[in-house]
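K.L.:
What follows is the residue order along each chain.
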Amino acid sequence: MRWFRTIFREIFGLFVDDGSFAITILVWLGVTRLLLPRLGVFSRWSGLILFAGLGLVLVESAMRYARSRQTRLDKMDPKSVSHS
Amino acid sequence: MDLSIGWAHAGPSILASFLASMVECVEALTVILAVGSVRGWRGALGGSATALAVLLALVAVLGRALMNIPLDIVQIVVGALLLLFGLRWLRKAILRSAGLIPLHDEQAAFAKNTEAMRRFGGVRGWDKVAFAACFQITMLEGTEVVFIVIAVGAGGTGLLLPAGLGALAALLVVIALGIALHRPLASVPENTLKFFVGVLLSAFGTFWFGEGIGLRWPGADWAIAGLIAAFLAVALLTVPLCRRQASSNIATVRP
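Protein sequence lines, in the order shown, are assigned to chains C and Z. In short: position in the first sequence from 1, add 173, done, that's my numbering. In short: position in the second sequence from 1, add 6, done, that's my numbering.
Calculated from the structure, these hints are not laboratory results. Some clues are possibly wrong.
[What the hints assert, rightly or not] Per the computed footprint, the stretches of chain Z lying under chain C, defined by three or more beta-carbons under 8 Å from a beta-carbon of chain C, are: (1) 147-154; (2) 169-178; (3) 212-223; (4) 229-239.
[Said to hold, decoys possible] Short derived list, chain Z residues pointing at chain C, Cβ under 8 Å: (5) ILE79; (6) VAL83; (7) PHE91; (8) ARG94; (9) LEU109; (10) TRP132; (11) LEU242; (12) PRO246; (13) LEU247; (14) GLN251; (15) ALA252.
For clarity, every value in this text was computed on a predicted model and none was experimentally measured. Note that beta-carbon positions come from the ideal geometry of N, C-alpha and C, so glycine has one too.
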């Protein structure tokens, strides 16, 4: 049964490794699912709105990782902390 | 159906499925080669073949079950899953390209697995360790391939076959290279592949999800090509932004 649990964990890991990234994607999909049809007839901008949100989520998450990773490295390395 | 519009769907489906499956097959091959070279090929190939049979049965069952679900629901669910999967790959590939997380090293993975297999001691008769190790890795990587084939192929009518052919071609290419080289495929530009696959899967996911909620894409199927170009542009622009973000942090903390 251990290999079954491993496979389940791996399958979950296929979709989620950063929880907040995955949740933000799902929230954006939910928002577009609820709001875009209320705009009336789907305009030519609907696809662009869907894509733009996903692009922003991707950029924000990667930048946040870049920021937090460097901050964590600096916390681990006392020489890198400024005393000025 | 207009043949050119058919290719707008089938072409990217084959390519996405081929490239994504190639990455998974290369990872599985590394472990199978390590197990086979240390403990013998009978158990290693037996484990992989059994897992492949289980996966084929899974595809047959899931493929048939998907036919009974309304297409718009399949497109919404598969689109959302593809986006979670594809954007996750793309984000990791961006961070690897920016030098923020290390590249996957097949040679290191091969050495680690070889060492692990040696620790299990001698082989008597049927090698359960080799069988189990190869069954598990083929199931793990194969499940990802099955998901990719189903996700890429289930969003539109008649796309499962091209997606399946793409995955099969990747499997055959990797097997042929494995037999020819007898060592891990370390020279495969894995992060470049993952970068491009992440772009393709994200584009497919966005397209399927949009179709599922009733959105009409400008240019119909050709919108996939536009989405591929757009995700690629965003990802390529994000790499230097991440690099700059990391270095500006260093500059702030170390004036």
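K.L.:
Mind listing which of the numbered hints don't hold for this structure, in increasing order?
P.N.:
Per hint list: 2, 5, 6, 9, 10, 11 and 12 violated.
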